[in-house]
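With the sequences and hints as input, model every part of the structure.
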Amino acid sequence: MVNTKVNLMGLTLDNPVIPASGTFGFGYEFADVYDINILGSISLKGTTKEPRFGNPTPRIAECEAGLINSVGLQNPGVDKVISEELPKLRKVYNKPAIANCGGFSIEEYVEVCQKLDKCPEIGILEVNISCPNVHNGGMSFGTDPKAAYEVVKAVKAVTTKPVLVKLSPNVTDIVAIAKACEEAGADGICLINTLLGMRINLKNRQPIIANKMGGFSGPAIFPVAVRMVYQVANAVNIPVVGVGGVATAENVIEMMLAGATAVQVGAENLVNPAACRDIILDLPRVMEKYGIENLSDIIGGCK
Amino acid sequence: MKNVIFEVLTNKKIAKDVMEMTLRGDTSGINPGTFVNIKLDGLYLRRPISVCNLEDDVLTFVYKIVGVGTEQMSLMDAGTKLDVLTQLGNGYDLDNAGDNPVLIGGGVGVPPTYLAARKLVEAGKSVTVIMGFNTKDEIFYEEEFKALGVDLRIATVDGSVGTKGFVTDALKRLEPSYIYTCGPEPMLKAVYNATSCSGEYSFEERMGCGFGACMGCSCKTKYGNKRICKEGPVLKKEEIIW
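Taken in sequence, the protein lines are chains C and E.
By the numbering used here, the letter at position 23 of the first sequence is numbered 23, and the numbering carries on one by one without gaps.
By the numbering used here, the letter at position 90 of the second sequence is numbered 90, and the numbering carries on one by one without gaps.
Please keep in mind that the hints were generated in silico from the structure rather than gathered at the bench.
One or more of the hints may lead you astray.
Said to hold, decoys possible - Ranges of calculated distance between the beta carbons of each label pair, as one might list FRET restraints:
1) Gly77/C x Asn193/E: 32 to 38 Å
2) Lys189/E x Asn234/C: 43 to 49 Å
3) Tyr223/E x Asp32/C: 20 to 26 Å
4) Val66/E x Met213/C: 23 to 29 Å
5) Ser126/E x Asn37/C: 47 to 53 Å
6) Asn193/E x Lys212/C: 30 to 36 Å
7) Cys197/E x Lys88/C: 34 to 40 Å
8) Ala123/E x Met1/C: 55 to 61 Å
9) Glu150/C x Asn134/E: 29 to 35 Å
All residues carry an ideal CB built from backbone N, CA and C; glycine is no exception.
See the structure below:
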């Protein structure tokens with residue numbers, strides 16, 4: 001009998017598999033596909049202070065082994081998330097969830113995190129400083145070590161729950177950003193968010209995405225994610241959550257060997273709504289195949 | 001939402017670039033105006049296809065070859081197995097029809113109106129169907145609609161068949177109790193402006209998942225943001241913002 005449990009920032013997860021923010025809504029809509037309580041946790045839809053529609057459509061473009069999205073943090077705003085979405089989730093899910101918190105200023109990050117920190121449904125705050133689809137916020141905090149430091153510091157000062165900082169791959173030195181977050185008090189690092197990408201329609205010679213560019217995700221970015229998880233895990237002393245192109249149980253193992261304590265699954269949920277369930281059910285088989293008894297033993301196993 | 005494996009029974013060309021495919025599988029819970037999302041080899045995202053008809057365990061799609069996905073579908077032989085998510089989207093509510101509803105389809109917007117028309121005829125309604133095409137070569141399902149016993153009117157832009165002009169030209173002098181429509185957005189808007197009665201309008205948007213998770217296909221309505229794949233594709237006239 002293999003053991004899939006991992007300990008993430010003080011929380012024991014039954015397994016390391018977590019649907020990534022933006023690919024799983026607020027979770028409850030997947031409850032009619034499978035019992036979502038089998039998940040390690042759930043990273044909820046990115047939440048901002050004010051309600052947002054996001055960017056104009058079209059905001060999806062298909063790619064080889066992935067897709068570009070420019071949704072732009074559509075969400076009902078933190079107050080409605082707390083009053084309407086979390087109660088719906090609670091009816092079908094009884095484990096601590098991860099709140100993904102966005103913002104356009106340090107004050108907004110602080111307000112959103114502070115409110116979600118008080119919710120019993122939430123076990124971890126995931127501070128999203130890496131959304132490529134919003135201007136004057138999101139990624140601009142995640143591409144400069146000093147700005148990243150300030151956001152994390154300000155959030156840590158007003159919250160009690162573990163803070164996981166979600167980083168952008170669209171930087172020259174991922175290690176410098178991760179270290180700045182660690183120094184500011186982050187309890188963990190989550191990476192990678194999407195890669196900035198673009199597609200052009202050959203018929204009208206215009207960008208497919210209305211916003212021209214968007215975030216590229218899917219199996220195509222898996223090697224980039226593994227590389228960055230490896231780099232960051234070897235440079236910081238806080239846990240790393242690996243995300244980017246994970247589609248199979250083998251990918252989960254590989255991400256953990258690179259240094260991830262837990263693994264998020266994103267785009268794959270959009271093509272197979274039961275992707276996380278399928279991966280979790282397949283994990284014991286793959287662990288046995290590679291002689292793994294305790295999944296947590298392999299974290300950072302690749303030197 | 002249900003994940004079903006379908007087997008292709010037939011797949012044939014019925015008009016210029018337009019194919020009809022029948023498949024066998026679990027069709028439970030599939031309603032008029034809803035769609036399914038099909039996994040295709042080598043393509044990352046599924047392909048949403050509207051439901052044209054269903055009888056027992058046989059589902060019919062009518063689709064236009066517009067890109068690599070529909071091209072791949074057009075080459076499928078009988079016996080091909082397809083991984084399909086069914087019961088997607090919010091379809092037509094036929095209880096709103098009144099006594100003499102008019103169904104309006106433009107181009108590949110025609111197929112979703114077929115099952116609705118059939119059900120309305122079965123419910124004893126006096127049904128009028130208006131189909132709009134650019135020209136004669138594009139017309140399909142004329143016989144199928146006639147066989148239902150509906151009052152069928154065709155409009156072609158070049159006048160090669162039926163009324164010369166748009167569906168709204170064929171709509172003149174009719175007093176529908178309700179409208180069910182699907183087609184390109186300019187056509188939907190023209191129908192919206194040309195009719196005083198209420199109705200249900202089926203929209204199209206580029207989708208990621210097709211089941212409400214990614215928020216890729218959202219639109220603004222008078223009653224808040226809605227996902228074309230989940231709260232749509234059918235919107236009520238009263239909520240539409242152009």
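Hints, verified against the model:
no., hint, result
1, Gly77/C x Asn193/E: 32 to 38 Å, "34 Å, holds"
2, Lys189/E x Asn234/C: 43 to 49 Å, "57 Å, violated"
3, Tyr223/E x Asp32/C: 20 to 26 Å, "24 Å, holds"
4, Val66/E x Met213/C: 23 to 29 Å, "24 Å, holds"
5, Ser126/E x Asn37/C: 47 to 53 Å, "51 Å, holds"
6, Asn193/E x Lys212/C: 30 to 36 Å, "32 Å, holds"
7, Cys197/E x Lys88/C: 34 to 40 Å, "35 Å, holds"
8, Ala123/E x Met1/C: 55 to 61 Å, "57 Å, holds"
9, Glu150/C x Asn134/E: 29 to 35 Å, "58 Å, violated"
When the structure is compared with the earlier hints, violations turn up for hints 2, 9 and for no others.
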